[in-house]
Every structure is written in structure tokens, then in C-alpha cells.
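S.K.: Put the complex together from the two separate chains, hints included.
Taken in order, these protein sequences are the chains called F and X. 1 is the number of the first residue of the first sequence in full-length UniProt numbering; add one for each residue after it. 1 is the number of the first residue of the second sequence in full-length UniProt numbering; add one for each residue after it.
Please note that the accuracy of each hint is not assured.
Stated by the list, open to error - Straight line, CA to CA, 27 Å or less: simulated DSS-like cross-link-like pairs of lysine-lysine:
hint	chain 1	residue 1	chain 2	residue 2
1	F	K173	F	K446
2	F	K446	F	K172
3	F	K4	X	K211
4	X	K199	X	K79
5	X	K220	F	K4
6	X	K199	X	K211
Hints in this document: simulated from the structure, not taken from any laboratory.
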Amino acid sequence: MTSKPSPDEILSSAATLRWEVGANLHDAVMEAIYTDASQIADRAVARSGQRPRFDLDRAIDRLVTSRWTGFPIMILMLTVVFWLTIAGANVPSGMIANLLVDTFHPALKGLAASVGMPWWLDGLLIDGMYLAMAWVMAVMLPPMAIFFPMFTLLEDFGYLPRVAFNLDKLFKKAGAHGKQALTMSMGYGCNAAGIVATRVIDSPRERLIAIITNNFAICNGRWPTQILIATIFIGALASPHLAGLVSAGAVVGVVLLGVILTFVVSWGLSHTLLRGEASAFSMELPPYRPPRILRTIYTSLIDRTLYVLWRAVVFAVPAGAVIWLVSNIHVGGVSLAEHTINWLNPFGLLLGLNGVILLAYIIAIPANEIVIPTVLMLTVLSARLAGIGAGAGVMFEFDSEAATAEVLKTGGWTLLTGINLMLFSLIHNPCSTTIYTIWKETLSVKWTTVASLLPLIMGFVACFLVAQVWRLIAGG
Amino acid sequence: MPTETAHVPCETCPAHHTANLIRLGVNMENWDYVVALAGNPNTGKSTVFNSLTGLRQHTGNWPGKTVTRAEGGFLYGGKRYKLVDLPGTYSLLSVSVDEEIARDFLLFGRPDVTVIVADATRLERNLNLVLQVLEITDRAVVCLNLMDEARRHQFIVDDRRLARDLGVPVAPTAARQGEGIPLLIQTISEVATGQVACKPRRIQSEPTALKRAIGQLAAKIEAAFPGLPNARWVALRLLEGDARMIEAVRTGELRDLSQGRPADQPIFTSEVAS
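Next comes chain X alone, as it looks inside the complex (with noise of 0.2 Å):
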């Protein structure tokens, strides 16, 4: 395949998790990128999926509707890109099969960009996600979807001011509409090719005791796995006595997560903050 004359080095190639994806359920057969779609219920996931893929999936006026994990594909720029659909959820903290479907696909399946749908006539609400989502992964990418709706509602949403604030880029889009859809795979395949360097915002107001336990055990799980991306997401979970998490700990499945892509990995050196 082309990738024979591309000069990355096998284990450094975007489709190395391939045994984690491919125990969560993804048939991991000639992509290059796996993109995640995660979302509060009703933001028009599912448009933005079929806007991006070109399929045809079921779309519906109601939170909730999607009960099963979608798949489907692009390509852009020669390389290809499988894209997951996960379940909409408000929250990846509580106990309900669909966050727990996400949360796992975030952490363990390690996508290399999660898309973030943002419905940006309720942007605080949403916000609450985004943020919970940029604690687990640093490659994110926050599509601002229902455009069309802030402005009926004569909304004016700041999306530079935004992407500054939460260190990700933004792209506003109105996928009824299919406007803003271009944008948006180009930002999705900068971020996923490393062009573009996310540093996303970490949750910056929890009461004194708690930052400091956190930063504490964070600094105990970074020695322990050099290279997670979400110490402090994860120092989070245990703190809270996620037995899912205590299990990943103790079974080194963290392990396995920390060395799959190296910070470093030659593919994303060219690191141009915009």
C-alpha cells in the first residue's frame, strides 16, 4: 500500500491501535485515521456524520436517536479516514451504557482526532463535554454545528475567541445546511496529519485539595506510563473509584495505551500552532 513509500516507520504508523479498535468493535482494514464523533444528544451528530461520509443514516429530531455506533469513511488529501459515531451523551462522569460506550472509545481506542459536535445555541451546556472530552484526549477538533439556528436566534458565537480558549480549533458549521462542512474536514485532517497542535484547556476550577491530589497521583501515573495523554483524567477516575479504570491500572492496559503513539512521533514534528 502507499504508505510502503511514505518514510514512517511501521510502529509509528496512525493505524498502530489497531488491537485496541479492533476489540472495541471497529474493523480497522485500510485507514489511515480514525476520527471519533462524540456530541451532546441532538446537536446533529449524525448530519455532521453524513455530511462527512456521504452515507445516508437514519437522522431524527429527538436525543437519543442513535443506539447503535455508526461507521463510516472519507478521504481527503490521499489519506483515509474511518469515522466512528459514538453514542450522544451530556456527560462522560456518570453510569449510562452510552457514556460508558464513549468514555471507552475515547480512552482505549484512542482515535487519532475526536470531533466534538457542539450545538452553539446552547454552547455553555455543551461546553460541559467539550471540556470532559479534552481531559481525555489531546487531538480534538470542536465543530460548532446549528449555526444557522444561533443566528435565527441572533446568537453571535466568537469561534477565534473560543478555539483560544479551549486550545483546540473551532469550526462553525450548519451541516443541514452542509455549510461549513469543507472547513471542517480540513481542520480534522490538519489536526489528524499533526499540522495543526492542539493544546487543550484542562478543567482549571476545582477546589485546592482536589487540584493537588490530582496533581499528585497525575505525577505518580505520568512516571508510571510515560506518554498518557490524560494522567489527570485518569488520576480523576481512580480518585473517584472507577473500578474500570483500577482494572486498567492494575492490568497495565494503560500500558499499552501510553506507548502506542509517542508525543514525538515523527509524522507530527511539524508542529505549527496557528
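Same shape as in the complex, but just chain F (with noise of 0.2 Å):
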């Protein structure tokens, strides 16, 4: 009996037979696959009959890859899931708050009372921490809830191809992966769930080109902002009839300086700190196949909806201590939100803010969704609007959006302020659960840096211009 080859020997057997099988080993070895790949199938697929006449899949395509119909019909499905979004969420949305906040708020002030607990604590368990995780419920559950769903049906039906189709050959202008508009399209969903989608781009520059340029889609806590605040200042501009389209032109204005900014972005990076060619991208148009409606909501609500629903809150309930603490705590008899915001308060002017919405951006970092409900509370603390809230550090949200405009401009708003807003609610960093989503799957320090400080620089030097122009223009 022969001994066993050693570990050395079948190596060096190896090497020695690489030269005699030559270089194109790879190729033969590709070429004799197909082959008998092609041998075997010829074998075993018939086709019965002639062809269907109608193709219907491909004249769906032919329409929404065109290059004159292509964009119009991706713009306007967009639209039509945003509106629907935006138009369905507000009724459940008012139903949510009007239980959580309007009802469970003041059983639970009065259980509190009840059994004697000390003010601090009852205001922190329940004016602060119960009230942001209420809020965010209210916020989120209803428009996540409508957004998932939809989209997961329109990814299920087979159009997300084409939307990456259509995007690709702008992406690749701009140094970026083609699958970077289907991680863009989930950022408007969720910006963390948008990264993590990241992960289908194989190449690790376009990678992170994608995953730092996912903040500049909208996510679902921001659009609560953009919208409120188009109505207040933007829609008010036009005549009341045509108030709702002026303010939804002005939500989807945003969005496209988002899909721009992504580009220009993109390009940036590629073309300094991510310097490299675009990868080819292929991806084979699947089929259409009708989606399955009930399995597809069920597993959008299971999957998406509540997970997604289960990291704000985790986030939010801190953050709605921090809110009551620092209007509660009083140094030299000013609170510490108070302080915060005098001191804010230049730097914000100077960009067409306030000093009020920089300290919600900073306490807000952990979820966008609360942003709204810490402006309106801090600009009647710093205010000092009488009769108006409901005390010091506790969070509401006004049920008309006109009591809501009489807070904002009483605090000093004006149609700058909006505009810059708006402006800052796109272009700002991302969240906390964002930046440990990028951490996580960069698992590099400097690249999450980028991620967080690239977007709040941007939006800063943004404000400041158009500011900058504006009182030029308008003389204050």
C-alpha cells in the first residue's frame, strides 16, 4: 500500500500541474459548466404552442424604462404612495394621541397622585419618558404602518428593479452603485433600515458612498416636520384653495433637493476621499408577479412596522427625561433648557433658526420624530406663553395646526425660519440609531464620523446662505 500523499506533496502536485493546464483554467472550466449546463436543459424544457401574442411583462417595462415615461411614472407612483401615506396617517395618527395622550395622560397623572409619588418622579416617569414614547407612537405607528406595507407591494410586484434601472445610469455619473436608489428608496422608510440594505452593494467604496449619502432621503420621523411646517408657512402663503397643493409641492421640493444632494454628494465623494470607477451593475429584471396582498402586510407589519416602532421608542424614552429634566432643573432660577437656548440663541439667528430648534436637534438625536413636539414645548418655556401647554418640560402637540402657528410666530418664527427648517430637517445629521447602524456595519470610526458630521456641516452652511441671501434681499 502506497503512503499517504502528505499536505506538501498534493501542493506541489498542484503547482506543477497549474503550467500544464495553462492559464485559461478558469475560463474551461466556466466554458464545460455551460456546456453541460446547455445539454442538459436542451433535454429536459419543451415549449408547447407559440408564444403568448401579448408579452405583457415586457410592454409594462418598455413603459416604466422608457426613457420619456420612465421618470414621470417613478415620480408619480412616489407621490402617490406618499400622499396616500401622508392623507391616510392622519386620522389614526389624531386617534392614537387622542387615547395615549389625551385619555391614558391624565389617568395616569391621577393614578400618580393618588398614591402620593413625588412630583420629580411622576413628572419624569410620565411627563417625560411616558409622553415621548406616546408621541412617537402617535407619530410613527400610523404612517409606518401605511408606507411599509406599499412599498413592500411595489417591491413584491417586481417595480424596485426598474426604479435602480432608471436610476443607474445617474448613479454611475456620479461615481455611485445603480443599487444605491433601491438603499436610498428604503431610506425613506427608515434611514438605518436603508443602510443596513447597503449590504447588497459588493464593492466596499460604493458601499460607502451609499451609506453615507442615505441621510439625504427623507425617513419617517422627518416627514411629520416637513409637512406641519410646510402647512404653517408655505401653504399659507397661497390662497386657501390652493394651500394643500402649494404645501405638498413644497414637501416634494424637499425630497427632490434630497435626491439631488444625493447625487452631488455621491459624485463628491467618489472624486475625492472614495476615489474609484463604478462598478458594472448588472441585475436581471425579474418578472412581474402579481403580490400577495394579505402575506405581504402581515409580514410588512411583523418585519418593519414594529420592529422599527420598537427602536424609537427604546430611543425615545430617554430622551423625554432629558426634555423634562432640563426644563425642569433650575439654575439661578432659569432652567437649563432655558440657558441652553440663550445661548444657542445667536448661532441660530445667525442661520435662520433659533436657538430652540438647535437644542431639539440635541435632544431630539435619538429620534427625529420628537422634534416637533420639543420645539413647540421649549418655544412656550422660552416664551413664556401663558395659558397655552401643559407645564414646564412636557411634551404636547397642538390638535390645530393654527394654535400651532400662534405658538411658532409668538416664539419669534418667521417664514425664513420655516423655509430653514425644512431645509435643516433634510440636511442634518442622522440619528442616534442611524449612527449605530453605520457604526455597525462600517465598524470604522472614521467613516461613521463622516456619516454624522458630513450632513450637519452641509446643512449648517445651507441655512446660513440662504439666510445670508434672504435678509439681502429682504432688508431685516
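M.R.: The following block contains the structure:
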């Protein structure tokens, strides 16, 4: 019996044989596989009858990926999805707010009073943490429960790859990967989800670009800010019967600005920090399949909606505590919140914003959805509006936009503040969940820092420029 | 556990590859068989996975959706099967991360059964991957999915002919409708328990020089690691200079694999060729 060949023997024999088979080994193997595959397939597959006269798939493809109709259809589809989300979420949002804030909150306060809970514990737990959670649920749950299933239906149907196909050329021009269109779309739901989705991009360079620019897709938490501020400050400019359309147009404008920024920043990164060629993008366009509606609604509710909501609640609860604390801890007779607002005010005004907004964005780092409640609460606090709100450090949201507008205008807000808040909401640092996700995906402090600070600096610059030009023109 | 009553010695227990699987991040508690799910992107792998496990992993109609490995399980005939959903790939021979994950799992995890999900409407291209997987593993089932779409496009796919040519069972399914899933489960269990023996087709159309080189090298590898089910494939990778494979030969990692499950293991003796 011959002795077993040692590993070294095998490896050296492999090295010798490698010379004999020549350099095109890989191609030879692939060719052999293809030949075998085609032989087997030929024997196993037959076609019956003639081809169906009308190929529906191809007809749809011609329409949705055409140079002329592709983009309008895409914008139309997304507008319909967003509009349904915005319009449909209002009523359930109000109902949840009604239940959690108007009914449960006083009940809890009553309960706390009856067991003799100290005021600070009651405030911290119920006015701070519970209310933060309640607002996040009311503001986030309905839009997500509408947006995610609709988006998933489009995905199930096979539309998303066509979007990627349409945007591919633009992304390639920007030096990025065509699949970034998919991850960007996911970002409109949640940036953290969009960043996880960048795993479909193989090249690390292009994946980083997709991660850094994902923030320019307005996430669920930012929609309410955009819509409310557009309604109050921009819709009000138009005559009443056009107000809805004009404010919707303003939001779409911000979305498009975000898309443009995505391309510009992608281009900038791929010509500076992340230099390189765009890799070829071959993705087959899958056949259209009738979406399974019930299954899709079920899975998107379980997988996405509840998952994202849970994460938001986890981050919002401590934020609620912080809001309550900074509003109720007094130093020299003035609350910490007011100290900070006064300190931030000069810088805020320089940017066409104000100290309240900046502090709200600091407190709302964990979750964008609490920006508006925080802004209102801090405005009331700093302007000392009598008879409005629910006490220091208690988050609330007004039932009518008119009341909100009243508070903001009393707090010194102008049209410029509104526009710049919309801009800043689009261009600022990602929320802490997203930052954490970026770190988990890149495992790099450097890129996490870039992804967090780059948009923040861009936001400051954009707001500053708008404010300067505005003041030059308006003379104010 | 019930396995004590069966006359199966410990070292031949199907969960014997525990160490390797744990290293690949698979939780191996309480499973009798490990089933891997491979296939081209967008052939409905995740849908098959969901139908088999009853889980609701997110599915989507675009290639490359499954970015992490999903795991689930099902119980059939009193045996517990662990199902591992691998990333969709077109091939196992290039360098992308997805392909590496799938390849490493098939090779070093040594699943008891590999289910290769193939798109019945694009059979030829899907067979490229099927043939590559069959080079690595000798226990496989081809799940011929999207049969409903094939019918819609008026394709007739002869699954028996295909099974004969490939040397492994073929189960036609339309997973979105749940069609053919019971048969698929039964086929998986037959292969896992050894009731059906596979004689996977190995690639035949290589140029003569290459065929000879693979033959020579495979013979040496088989002598060094008796019982290795994929000596030909290891030989091919060595000829290509695959660093991972060279390391596996050098460190003897390959030996662990070859000794793990001898071909004449008692549980697999009833070789009923169908």
C-alpha cells in the first residue's frame, strides 16, 4: 500500500499541474459548466404551442423603463405612495394621540397623585418618558403601517428593480452603484433600514457612498416636520384653496433636493475621499408577479413596522426624560433648557433658525420624530406663553395647525425660520439609531464620523447661505 | 433525547459536524439534520424557506434581497431539520462575499442535504449553479421552483428526465402558491435519511488536459483524505490557486471533513436507488 500523500506533496503536485493546464483554467471550467448545463436543459425543457401574442411583462417594462415615461411614472408612483401615507396617517395618528395622550396621560397622572408619588418622579416618568413614547407611537405608527406595506407591495410586484434600472445611469455618472437607488428608497422609510440594505452593494467604496448619502432620503420621522412646517409657513402664502397643493409641492421640492444632494455628494465623494470607478451593475429585471397582498401586509407589519417602532420607542423614552429634566432643573432661577436656548440663540439666528430649534435637534438626536413636540414645548417655555401647553417640560402637540402656528409666530418665527427648518430637517446629522447602524455596518469610527458630521456641516452652510441671501433681499 | 433509543452510535450521528457548524455561526442545538438552501438570486429561495419553516422572513421581488443568512427549522417524520438560507449566487467560482459564504457553508458546514432552488423558466442558467453545487456535495435535492410561471410561459419541464441527468431528486414546486412543498419536504427527508441515494452528475465537458490534471490531483487528495465527497472540486480549486483551499489542505482542515461522515455509515445503508 502506498503511503498517504502529505499536504505538501499535494500542493506541489497542484503547482506543477497548474502549469500544464495553462492560464485559462477558469474560463475552461466555466465553459465546461455552460456546455453541460445547456445539454441538460435542452433535454429537459420543451415549449408547447406558440408564444403568447402579447407579452405583458415586456409591455410594462417598455413603459416604466422608457427614457421618456420612466421618470414621470417613477415620480408619480412615489408621490401617490407618499400622498396616501400622509393623507391616510392623519386620522389614526389623531386617534392614537387621543387615546395615549388625552385619555391615558391624565389617568396616569391621577393614579400617580392618588398613590402620593413625589412630583419629580411623576414628572420624569409620566410627563417625560411616557409622553415621549406616546408621541413617537402616535406620530410614527400610522405612517409606517401605511408606507411599509405599500412599498413592500411595489417591491413584491417587481417595480423596484426598474427604479434601480432608471437611476443607474445617474448614479454611475456620480461614480456610485446603481443599487444605491434601492437603498435610497429604503431610506425614505428608515435610514437605519436603508443602511443595512446597502449590503447588497459588493464594492466597499460604493457601499460607503451609499451609506453616507442615505441620510438625504427623508425618513419617516422627518415627514411630520416637513408636512407641518410646509402647511404653516408655505401653504399659508397661497390662497386657501391652493394651500394644500402648494404645501405638498414644497415637500416634494425638499424630497427632490434630497435626491439632487444624493447625486452631488456621491459625485463629490467618488472624486475625493472615495475615488474609484463605478462597478458594472448587472441585475436581471425579474418578471412581474402579482403581489400577495395579505401576506405582504402581514410581513411588513411584523418585520418592519413593529421592529422600527420598537427601536424608536427605546430611544425616545430616555429622550423624554432628558427633555423633562432640562426643563425642570433650575440654575439661578432659570431652567437648564432656557440657559441653553439663550446660549444657542445667536448661532441659531445667524443660520436663520433659533436656539429652540438647535436645542430640539440636540435632544432629538435619538429620534427625529420628537423634534416638533420638543420645539413646541421649548418655545412655550422660552417665550413664557401663558395659558398654553401643559407645564414646563411636558411634550404636547396642538390639535389644530392654527394653534401651532400661533405659538411659533409668538416665539418669533418667520417664513425664513420655516424654510430653514425644512432644509435643516433634510440636511442634518442622522439619528443615533442610524449612527449606531452605520458603525455596526462599517466598523469604522472614521466613516461613522464622516457620515454623521458631513450632513450637519452641509446643513449649517445651506441654512446660513439661505439666511444671508434672504436678509440681503428682504433687507431684514 | 430520543436518539438514545435508536441504535445509532454517537460519532455517526448526523449532528456530528457540530464543531464546524458552530464555527460558521449555526446554532446546532437539538437538530437531527441540517439542510442548506442554495440557488440563483430571485428564484424564490426565501419563499421556499418560508413555506418549509412557516416563518415569515421578508421576501421581495429583486435579486440580492437576502443579505444575511436566515435560519429556521421544521419537523418531519419525527426528525428535526434545521434550514439555513444561503445568499443567492450565480456561481461558486468567483470572489464575491455572497459566493464565499455559500461556498464555505457547503464545503465546511457539510449540510446533510442541500436544496438547490432553480428557476424553471430559466433552467439553463440555473443549472450552471446546480452543477457547481453538485461538485461539492453528494446529497442534494433540486427544487424546480416557479413552475407556475413556467406554465404561464408555456414551458414544459421534464423533471424526471432532469433528475436522471443530474443524479439527484428533483421536486417541482410553485412555492408562492404552496404547490409541491409536501413533496419537497418528503424528498429532503428521503435524502437526509439515506432512503434515496444520490449519484450527482459531475462536470464532463472539460478539455482533456484539464480533465487529466483534475483526475491526477483528485486521486492524490482522495488517498490523503479518504471519504472526502468532493475531491474533484478540491482539486479544481487547488489548480486555480484558491488560497482558502490551500490553507485547508495544509492545516488538515480537510481531514476533519473527510472523517466526519463515512459513506458507509449505518444509517445510510439502505441505498434504495429509485
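S.K.: Now tell me, hint by hint, if it's right for this structure.
M.R.: Results of checking the hints against the structure:
1. Taking the CA atoms of F/K173 and F/K446, the gap is about 26 Å. The hint holds against a cut of 27 Å.
2. With a CA separation close to 25 Å, the supplied pair F/K446 and F/K172 stays within the 27 Å bound.
3. Note on F/K4 and X/K211: the hinted pairing holds, with a Cα-Cα distance of about 22 Å set against a maximum of 27 Å.
4. A threshold of 27 Å between alpha carbons decides the hint, and for X/K199 with X/K79 the separation of about 24 Å falls inside it, so the pair holds.
5. Simply put, X/K220 and F/K4 have alpha-carbon atoms about 8 Å apart, close enough for the 27 Å limit, and the pair holds.
6. In summary, the hint linking X/K199 to X/K211 is supported, as the alpha carbons are separated by about 19 Å, within the 27 Å threshold.
Violated hints: none; the structure is consistent with every hint.
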